[in-house]
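Undergrad: Taking the hints into account, I'd like the entire structure generated from these sequences.
The listed protein sequences derive, respectively, from chains A and B. If you count the first sequence from 1, position 103 lands on 102 in numbering that gives the first Met the number 0, and the numbers rise without skipping. If you count the second sequence from 1, position 32 lands on 31 in numbering that gives the first Met the number 0, and the numbers rise without skipping.
Bear in mind the hints are in silico, worked out from the structure with no lab data behind them. It cannot be assumed that every hint is accurate.
[Said to hold, decoys possible] Derived DEER-like restraints, expressed as beta-carbon distance ranges:
1. A:N126 - B:A45: 23 to 29 Å
2. B:K18 - A:R65: 39 to 45 Å
3. A:E157 - B:G15: 37 to 43 Å
4. A:T130 - B:P25: 14 to 20 Å
5. B:P25 - A:L147: 31 to 37 Å
6. A:N160 - B:P25: 34 to 40 Å
7. B:K18 - A:N159: 48 to 54 Å
8. B:K18 - A:K8: 46 to 52 Å
9. A:D82 - B:K18: 34 to 40 Å
Just so you know, even glycine gets a beta-carbon here, dropped at the ideal spot from N, CA and C.
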Amino acid sequence: MTDTIALLKAAQKLDEEALTAIFDQYAPAIYKYTLRLCLDPILADNIVGDVFAQLLEQFAAGKGPRTNLRSYLYQTAYHLVVDRSRDNQHTAPLELAVGTYEKGQITPTQTQIEERVMMEALISAMNSELTDDQRHVIILRFLEDFSLKETADIIGKEVNNIKVIQNRGIAKLRRALGLQLEEL
Amino acid sequence: MVLALKDQQAVVKYLGKLKKAEPEYPSELFALRREGYLRRVSEISAGSSIGSRLKNRIKTGSTTTRA
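TA: Printed below as a string of structure tokens:
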């Protein structure tokens with residue numbers, strides 16, 4: 000935590016080393032997060048560029064985050080994705096989101112096949128069953144490990160509202176996975 | 000197993016697996032993006048440095064150029 004604050008203070012002074020360290024530390028995570036939301040690697044990469052361009056502009060103007068850099072970056076990414084999703088459709092195949100799942104695997108076992116089916120059902124449900132808010136909350140809470148409070152700050156809603164959205168999203172996923180299992 | 004899936008924890012477990020299975024930032028894309036970012040960092044740092052010198056000059060009323 001202290002390291003992050005020291006890094007932020009140096010970045011606010013436009014220290015090149017600190018600004019580089021911030022990019023190296025957070026860009027891959029922001030890319031993954033954005034890819035989960037938009038399912039488009041090129042768009043995700045573009046959004047990473049915009050997130051860090053905005054961060055630089057903020058620092059150059061003497062503004063920008065003072066404490067929670069990680070939440071700030073995710074919040075910026077979230078807003079950019081929401082803005083752009085109004086004009087774009089999800090076009091990437093589902094396999095993209097589980098691209099490394101079978102890495103190094105030669106012949107899958109029955110368990111692995113079942114797991115693969117479950118994962119695809121999960122991704123499919125996340126993309127087709129959940130509302131945008133539910134998908135964002137589930138991703139931030141369970142794939143990015145943000146707290147309820149941090150998730151509420153990023154999305155711009157109350158904590159209680161986030162809890163409701165989360166529970167409804169989980170319930171939908173649970174139903175989707177339950178149904179999937181019965182088909183096996 | 001169907002009963003176990005009706006528990007929220009089962010969903011969370013699969014979400015955890017999904018987290019581990021996600022693809023990395025493609026190295027070519029990352030390298031290009033990083034290069035562009037570092038170029039912008041240099042521009043902004045240089046601009047800030049010039050700005051600071053100008054501010055100091057305005058404050059002190061100096062018109063001479065110093066190294």
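Undergrad: Against each hint, give a clear statement of whether it holds in the structure.
TA: Here's how the hints hold up against the structure:
| no. | hint | result |
| --- | --- | --- |
| 1 | A:N126 - B:A45: 23 to 29 Å | violated (44 Å) |
| 2 | B:K18 - A:R65: 39 to 45 Å | violated (29 Å) |
| 3 | A:E157 - B:G15: 37 to 43 Å | violated (26 Å) |
| 4 | A:T130 - B:P25: 14 to 20 Å | violated (30 Å) |
| 5 | B:P25 - A:L147: 31 to 37 Å | holds (32 Å) |
| 6 | A:N160 - B:P25: 34 to 40 Å | holds (36 Å) |
| 7 | B:K18 - A:N159: 48 to 54 Å | violated (25 Å) |
| 8 | B:K18 - A:K8: 46 to 52 Å | violated (31 Å) |
| 9 | A:D82 - B:K18: 34 to 40 Å | violated (25 Å) |
Hint compliance for this structure: hints 1, 2, 3, 4, 7, 8, 9 are not met, and every other hint is.
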